[in-house]
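Q: Sequence:
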Amino acid sequence: MNFIHQRQTVSQPAEGLMPSGTAHHEQVVARQRRGRTWAVVFQAAVLAGILALCALLFNILNQSFGYVAIVNTIDPSELAVEGLPLNELPKDKLVEILEANISAGLMRRYENDMPFTERSRENVHDLILERVVEPQVQATWGLFDSIFARGSVFAEAEERFPGSEVYFRSWLTTSFISKSQSSEPLRAGVRTAIFGSLWVVAITILFSFPIGVGAAIYLEEYAQKERLLNRLIQTNINNLAGVPSIIYGMLGLAIFVRILEVITSGAFLGIGDQSTANGRTILSAGLTLGLLILPLIIINGQEAIRAVPSSLRQAGFGLGATHWQVIWHHVLPSAMPGVLTGTILAVSRAIGETAPLVVVGASTFIALDPSGPFSKFTVLPIQIYQWTSRPQDEFRNLAAAAILVLLILLLSLNASAVLLRNRFDRSRAVS
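Counted from 1, the sequence shown has number 309 at position 98 by the working numbering; the numbering is strictly sequential.
The set of hints was computed from the structure by calculation and includes no laboratory data.
Hints are not guaranteed to be accurate.
So the derived label-pair ranges between C-beta atoms look like this [unchecked claim]:
1) Arg-332 <-> Phe-269: 38 to 44 angstroms
2) Glu-333 <-> Arg-469: 46 to 52 angstroms
3) Leu-440 <-> Ser-600: 43 to 49 angstroms
4) Arg-402 <-> Thr-533: 46 to 52 angstroms
DSS-like, lysine-lysine: derived pairs with alpha carbons at most 27 angstroms apart [said to hold, decoys possible]:
5) Lys-304 <-> Lys-390
6) Lys-302 <-> Lys-390
7) Lys-587 <-> Lys-390
From a predicted model like this one, the values you see are computed outputs, not experimental measurements.
The beta carbon of each residue, even a glycine, is placed where N, CA and C say it ideally should be.
Construct the entire structure; sequences and hints are all you get.
A: Encoded structure:
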């Protein structure tokens, strides 16, 4: 009886430790109030992010479309032949007009690029518009003003540029994507920059993905984490993920451009152009960005491998599989969706980087498409930077259109990776 009495006495709370009914209710209400307050704060943060993104997209779209005031150097009506306007002349008459109005050297260059006998009438007509008519942009207006202040736009154009042609223009066109860089905004394009970005991203993935996944496998499955060396390696990898990108650019300049110049320039194969490219090639840029995203791939790969249940490994060992067989046939297939997710984020960062490529030697103006990993190059972020630094308003319109191209390219690459990740998910579910 004494024992029962003592147990009952101990189970009773001491006076003052438990709040009374009113105090407990007030504490619950206060916690709920704090929870609602933080929920409002988090919702406001999300709303602020969405508004900032919408403002960014509006600014890009506003500059990618709108009215343009054009003044022609030569009026197309002056090029009429036998009463026929320029847009109705046959091909042979257009070639004669081109010969009469441009230099013989430029005519020979066009002939060498593609004989006029093989060119279409539309192609010759476009050459006349570019080289003879030579339209010049006088002013541009944004999409918002072009829609909601159309009358003011035409009135301003008539006052400031009498006789100019005002028409609505989309700076993002198929010709903008298919043309190379030019100092004339109406003839400029991003084809060279697109090819350069694709080359650089391809080399970056080929270099960083296998090394990053291999390092993640070693650190999670083989390395003894209690050893000082392995802890030091893990700490350095975590720190490298936060190093500024310009530091990787300096590292790439020192190693890939200078020390390994014989390799990155293609001289060891006899196919590089030492006089123009040196080590400042696509290969150097891809390897530099590969180093930049390597810590991110390793860390995300480790997290994905760590998330695989240990029971899956034990089941493989129980059936007599070796350590590598368990990793290859069970751990990696289960972790691959997470690995690909981390790779998507890493590549998204790499494709938008500018500072490391400027240090490595990306060209700000180049009109030749890259022919291989040992070519000179430019990429879309460099092209956008070069256009935004120009004083003319029309180059900012080109930069906005190039940003849309970059976003489309980035979304396309990410969509491909997502489809590949979903395929791994489905194959794992079936197995």
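Q: Hints first: check each against the structure and report whether it holds.
A: Right, here's what the structure says about each hint:
1. Arg-332 <-> Phe-269: 38 to 44 angstroms: For Phe-269 against Arg-332, whose Cβ atoms are near 40 angstroms apart, the range 38 to 44 angstroms holds.
2. Glu-333 <-> Arg-469: 46 to 52 angstroms: holds (48 angstroms)
3. Leu-440 <-> Ser-600: 43 to 49 angstroms: Holds - the Cβ-Cβ distance for Leu-440 and Ser-600, about 47 angstroms, lies within 43 to 49 angstroms.
4. Arg-402 <-> Thr-533: 46 to 52 angstroms: holds (51 angstroms)
5. Lys-304 <-> Lys-390: Cα-Cα ~26 angstroms, so holds.
6. Lys-302 <-> Lys-390: Within the cut-off at roughly 23 angstroms; holds.
7. Lys-587 <-> Lys-390: Cα-Cα ~18 angstroms, so holds.
Violated hints for the displayed structure: none, as all numbered hints are satisfied.
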